[in-house]
Amino acid sequence: MHTTALVLFSGGQDSTTCLAHALQRYQRVETLGFHYGQRHAVEMDARLCVLSELRRQFPAWTERLGQDHVLDVGVLGQVSETSLTREMAFQIEASGLPNTFVPGRNLVFLTLAAALAYRRGLQVIVTGVCETDFSGYPDCRDDTIKALQVALSLGLDRRLLLETPLMWIDKAQTWALAEQLGADSGVAGGGQALVDLIVEHSHTCYLGDREHRHDWGWGCGSCPACELRARGWQRWRAGLSDGMTSLAR
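Start counting the sequence shown at 1; every next residue gets the next number (my numbering).
Read the hints as simulated data drawn from the structure, not as lab findings. Don't be surprised by glycine CBs; every beta carbon is placed ideally from N, CA and C. Honestly, I wouldn't trust all of these hints.
[To be verified] Once the Cα atoms are required to be at most 25 Å apart in a straight line, the calculated SDA-like pairs of lysine to any residue come out as:
hint, residue 1, residue 2
1, K146, M167
2, K146, V73
3, K146, T4
4, K146, P103
5, K146, R235
6, K146, Q24
7, K146, W168
8, K146, V108
9, K146, G239
10, K146, D196
11, K146, A183
12, K146, G104
13, K146, L156
[Stated by the list, open to error] The calculated label-pair distances, taken between Cβ atoms and stated as ranges, are:
hint, residue 1, residue 2, range
14, Q192, C49, 29 to 37 Å
15, W168, A188, 29 to 37 Å
16, D142, R210, 28 to 36 Å
17, R210, G155, 20 to 28 Å
18, D72, C49, 32 to 40 Å
19, D142, L116, 33 to 41 Å
20, G74, D184, 16 to 24 Å
21, L107, D157, 17 to 25 Å
22, R213, G66, 16 to 24 Å
23, T111, G221, 15 to 23 Å
24, T111, H2, 18 to 26 Å
25, L107, R213, 32 to 40 Å
Given these sequences and hints, build the entire structure.
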């Protein structure tokens, strides 16, 4: 019954895959990005490149891809002391969480997304959070998302669906999902085209490195985000994600 969606879109591998998922499924899709004082602010440029390439290479999706929105939530950088918002080395804290964890980030993102979806008449909010192959962030977990969906629906007096296509799959399966979504787009060679688009134009590296090119894309190759992406690429290319072609359906 849902026909419209708002995708939290950072311009990375996960959010690009989620955007393709939404474009394949919904009739009207809008996107939302955030400035929050992140060190890897280059992702804000990358997301525009990804949007442009999706429009150019996937005509059927172009008809569904609507307005892009950007919100400034710099207050997150003011209240947090993390390696994503400060010049500091990546490390594991005494809590057991990596210092890349920005407390409340996804809670704020999804609350603002819900307010925007309310104003724009969008029924579904799509986010790329995952608790299968991730850094342990508590605001990426399924229980958090389910609780927030209830709270937002009650607080807005409107039933919202928070959709998490990647929640139970790993990075290798995320590459496989992107390939399948591209193949199902109706574009000849669309599977490889979408994978190539993600490799070349999306950005994941926490250090904002766009100088070093790897088989899996651009990045420093050593930060937690690069390591996850590279490991997933290697496993996918090694054929360890067989049987995932049904994920896109």
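Now for the hints, and whether the structure bears them out:
1. K146 with M167: This hinted pair holds, its Cα atoms lying about 12 Å apart.
2. K146 with V73: 23 Å, holds
3. K146 with T4: 20 Å, holds
4. K146 with P103: Between K146 and P103 the Cα gap is close to 18 Å, so the pair holds against 25 Å.
5. K146 with R235: Violated, at about 30 Å.
6. K146 with Q24: 24 Å, holds
7. K146 with W168: 14 Å, holds
8. K146 with V108: 15 Å, holds
9. K146 with G239: Roughly 32 Å between the alpha carbons, so the hint for K146 and G239 is violated.
10. K146 with D196: Answer violated: K146 to D196 is near 33 Å, above 25 Å.
11. K146 with A183: Violated, because 31 Å separates the two Cα atoms, which is more than 25 Å.
12. K146 with G104: Holds - the C-alpha atoms of G104 and K146 are around 16 Å apart, at most 25 Å.
13. K146 with L156: 16 Å, holds
14. Q192 with C49: 29 to 37 Å: The hint (29 to 37 Å, Cβ to Cβ) is violated, given that Q192 and C49 are roughly 18 Å apart.
15. W168 with A188: 29 to 37 Å: Between W168 and A188, where Cβ atoms are some 31 Å apart, the hint holds.
16. D142 with R210: 28 to 36 Å: 33 Å, holds
17. R210 with G155: 20 to 28 Å: 39 Å, violated
18. D72 with C49: 32 to 40 Å: The hinted range 32 to 40 Å is violated for D72 and C49, with Cβ atoms some 21 Å apart.
19. D142 with L116: 33 to 41 Å: For D142 and L116 the Cβ distance comes to about 23 Å; the hint is violated.
20. G74 with D184: 16 to 24 Å: 38 Å, violated
21. L107 with D157: 17 to 25 Å: 20 Å, holds
22. R213 with G66: 16 to 24 Å: 32 Å, violated
23. T111 with G221: 15 to 23 Å: 34 Å, violated
24. T111 with H2: 18 to 26 Å: Holds, at about 20 Å.
25. L107 with R213: 32 to 40 Å: Hint holds: Cβ distance 35 Å, inside 32 to 40 Å.
Taken one by one, the earlier hints fail for this structure at numbers 5, 9, 10, 11, 14, 17, 18, 19, 20, 22 and 23, listed in ascending order.
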